[in-house]
Amino acid sequence: MNNKRPKHLALHLIRFPLPAIVSILHRVSGVLLFLCLPLLLWSLQYSLRSIETFTLLNWMFQHPASKLFLLLMLWAFLHHFCAGIRYLAIDLDCGVKLAQARASSKWVLALSLTLTALIGARLW
Amino acid sequence: MVDRVVTGAHYGLRDWLVQRITAVVIALYSLFMAGWLLLHPGPNYDMWTALFSSNVVRSFSLLFLFAVFLHAWIGVRDIVMDYIKSAGLRLAIYVAVILALILYAIWSVQILWGF
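As given, the protein sequences belong to chains A and B, one line each in that order. Those letters in the first sequence? Residues 12 to 135, per the working numbering, in order. Those letters in the second sequence? Residues -17 to 97, per the working numbering, in order.
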């Protein structure tokens, strides 16, 4: 056994457990979505206002840079959605045990990435 | 005397509940939108505006947006509470976020009933 003192917290060596990663990504994606609220409203406005603004919006979404950005936001939404459902389930006492919580956090990460890839591939 | 800070946490259970109720509204609307887009892939302008000209869809959309704004407020407030140590800065961010969200709410009504 290694009992050397003092012990230092080597930040680059500390491994977060999976549920912690899902949790911090829930925060990161939440902040991203909050920051993009004006863009969402602006897009909704342009999509509804007139056929000209609708077409303009369509054309802007075709740009590779905006596609990449939309893909990021799609992931942020899907991760926040899946992780949120997981938290609601935990509030209802479903999947509270450690093994289940680990498994469900794996599912959240995998499902949101898979859905992002699938929807992304379909849109392009 | 208890030394309270205006940016402290003393709203507990109510916000916890609001966060979950708004989450359910947001999830339901998202599923509705996803379903509609699956049935109508790549909608044109006429289909899109026809969808939003229904008062039910308009109201559901506004309900969704208001739920998003409330949800965002509680989420951002909790994050700011955790990471921003200075009470002054925290208050400044709260005021900015609240004002922005109120403006978004007004804007949402204009968008949904103004086209």
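Keep in mind that the hints are not guaranteed to be accurate.
[Unchecked claim] One side only, chain A facing chain B, incomplete, derived with CB under 10 Å:
{"no.": "1", "residue": "48"}
{"no.": "2", "residue": "66"}
{"no.": "3", "residue": "70"}
{"no.": "4", "residue": "71"}
{"no.": "5", "residue": "73"}
{"no.": "6", "residue": "74"}
{"no.": "7", "residue": "78"}
{"no.": "8", "residue": "80"}
{"no.": "9", "residue": "129"}
{"no.": "10", "residue": "135"}
Hint data in this document are derived by calculation from the structure and do not stem from the laboratory. For glycine and all other residues, C-beta sits at the position ideal for the given N, C-alpha and C.
Against the structure, the hints come out as follows:
1. 48: 6 Å, holds
2. 66: 8 Å, holds
3. 70: This hint is violated: residue 70 of chain A lies away from chain B, its Cβ roughly 13 Å from the closest one there, beyond 10 Å.
4. 71: Violated, about 15 Å.
5. 73: Violated, because the Cβ-Cβ distance from residue 73 of chain A to chain B comes to roughly 12 Å (cut-off 10 Å).
6. 74: 17 Å, violated
7. 78: 15 Å, violated
8. 80: Where the cut-off is 10 Å and the nearest Cβ of chain B is about 19 Å from residue 80 of chain A, the hint is violated.
9. 129: It is violated, given that the least Cβ distance between residue 129 of chain A and chain B is near 12 Å, above 10 Å.
10. 135: Violated: closest Cβ of chain B sits about 12 Å from residue 135 of chain A, beyond 10 Å.
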